[in-house]
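J.: Number 1682 in this note's numbering belongs to position 262 of the sequence shown; there are no gaps in the numbering.
Hints listed in this document are in silico derivations from the structure and should not be mistaken for laboratory results. Don't take each hint at face value.
Claimed, not checked - DSBU-like, lysine-lysine: derived pairs with alpha carbons at most 30 Å apart: (1) K1512 <-> K1478; (2) K1509 <-> K1478; (3) K1500 <-> K1471; (4) K1509 <-> K1471; (5) K1658 <-> K1512; (6) K1480 <-> K1658; (7) K1660 <-> K1512; (8) K1500 <-> K1512; (9) K1480 <-> K1500; (10) K1660 <-> K1509; (11) K1471 <-> K1512; (12) K1480 <-> K1509; (13) K1471 <-> K1660; (14) K1500 <-> K1478; (15) K1480 <-> K1512; (16) K1509 <-> K1658.
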Amino acid sequence: MNKVALPKKMHVDTQSRPSPHSEYDISPPHSPNGEQRNSFSCQSAANKRWKYFRRILKYKQMDFQYALWQMLYLFISPQKVYRNFSYRKQSKNQWARDDPAFLVLLSSCLIITSIVYAVILGMSFLGFIRFALWSVFIDCIGVGVVVATVAWLVANSYFLVSPSAGDRVEWGYCFDVHLNAFFPLLVILHGIGAILYVLLGTGGLISRCIGNTLLLISFSYYVYITFLGYDSLPILRKTKVLLFPFTILGILYILSFILRWDLATIFHLYNHVKGHS
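Full structure from sequences and hints, please.
T.: This is the structure:
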């Protein structure tokens, strides 16, 4: 009697698909195939920047929920934020953000704090407009362009593990690192600083203690988050040198009490110039 061949069991791929919000739950998405990698690598840096800024006008294409998540974790656990940058490298073959939602929210925060300072400093409407535009386009974006350009040149010139391998740090990523580091500084100086405005800039001991300490904490956040940004890149080495500004900040903080520097006075004077110049 002939045996009847039974059909073989079909193999079912039980591998789960990545969550659509894999960047939230810190689970890495699948790497793109070779064709996808080639298509991403063909995009020039200028083309990527153009697409990035063009999306600012497309509100519905921006993921504000994820941007808010990043802002929260920049205070709670900034390492998780940069871990998601590495997942973006795997999925889209670029370290830098391709969604301007973070920049839009950061600019919105600056405008809100500008309203608070306009009330505190008694600015006119034109003074408020000038203060807000200065805060967004000079303090945040303008300084960011300069810092990102210097960091981009230094990182690619001195910090690459293997310069001959062709790996390069993206300018857009350097700008993102600045934005990440700028947000805690904004919250501390423009947010908490506005609440404690009456106590700051008076020249007394309390003013020096509160004002100088707020400046120390805010710039320490900036230095630390900047360090994490470059330390998370596997193509860079000797990034611990970026922690050196902590030494300078500590020395300046001690000197500010010895020499009775009220640094908050300088900060208030700068805000006054922005709104009344």
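J.: For each hint, tell me whether it holds in the structure or not.
T.: Checked hints:
1. Of the supplied pair hints, the one linking K1512 and K1478 holds, its CA atoms being roughly 20 Å apart against a limit of 30 Å.
2. For the given pair, K1509 sits about 23 Å from K1478 by alpha-carbon distance, which is consistent with the 30 Å threshold.
3. Simply put, K1500 and K1471 have alpha-carbon atoms about 26 Å apart, close enough for the 30 Å limit, and the pair holds.
4. For the given pair, K1509 sits about 17 Å from K1471 by alpha-carbon distance, which is consistent with the 30 Å threshold.
5. Restraint check for K1658 and K1512: satisfied, since their Cα atoms lie roughly 27 Å apart, inside the 30 Å limit.
6. With a CA separation close to 41 Å, the supplied pair K1480 and K1658 exceeds the 30 Å bound.
7. Between K1660 and K1512, the direct Cα distance comes to roughly 28 Å. Compliance with the 30 Å bound is thereby established for this hinted pair.
8. For the hint pairing K1500 with K1512, the CA-to-CA distance comes to about 18 Å; that is within 30 Å, so the pair holds.
9. For the proposed pair K1480 and K1500, the alpha carbon gap of about 26 Å is at most 30 Å, so the pair holds.
10. Straight-line distance between C-alpha atoms of K1660 and K1509 comes to about 23 Å, which keeps the hinted pair within the 30 Å bound.
11. The straight-line distance between the Cα atoms of K1471 and K1512 is roughly 14 Å, inside the 30 Å bound, and the hint therefore holds.
12. Distance hint between K1480 and K1509 is fulfilled; the C-alpha atoms sit about 24 Å from each other, no more than 30 Å.
13. For the given pair, K1471 sits about 33 Å from K1660 by alpha-carbon distance, which is inconsistent with the 30 Å threshold.
14. The straight-line distance between the Cα atoms of K1500 and K1478 is roughly 27 Å, inside the 30 Å bound, and the hint therefore holds.
15. A hinted pair counts as satisfied when its Cα atoms are at most 30 Å apart, and K1480 with K1512 qualifies at roughly 20 Å.
16. As the CA atoms of K1509 and K1658 are separated by approximately 21 Å, the hinted pair is consistent with the 30 Å bound.
The structure fails hints 6, 13 (numbered hints given earlier, in ascending order).
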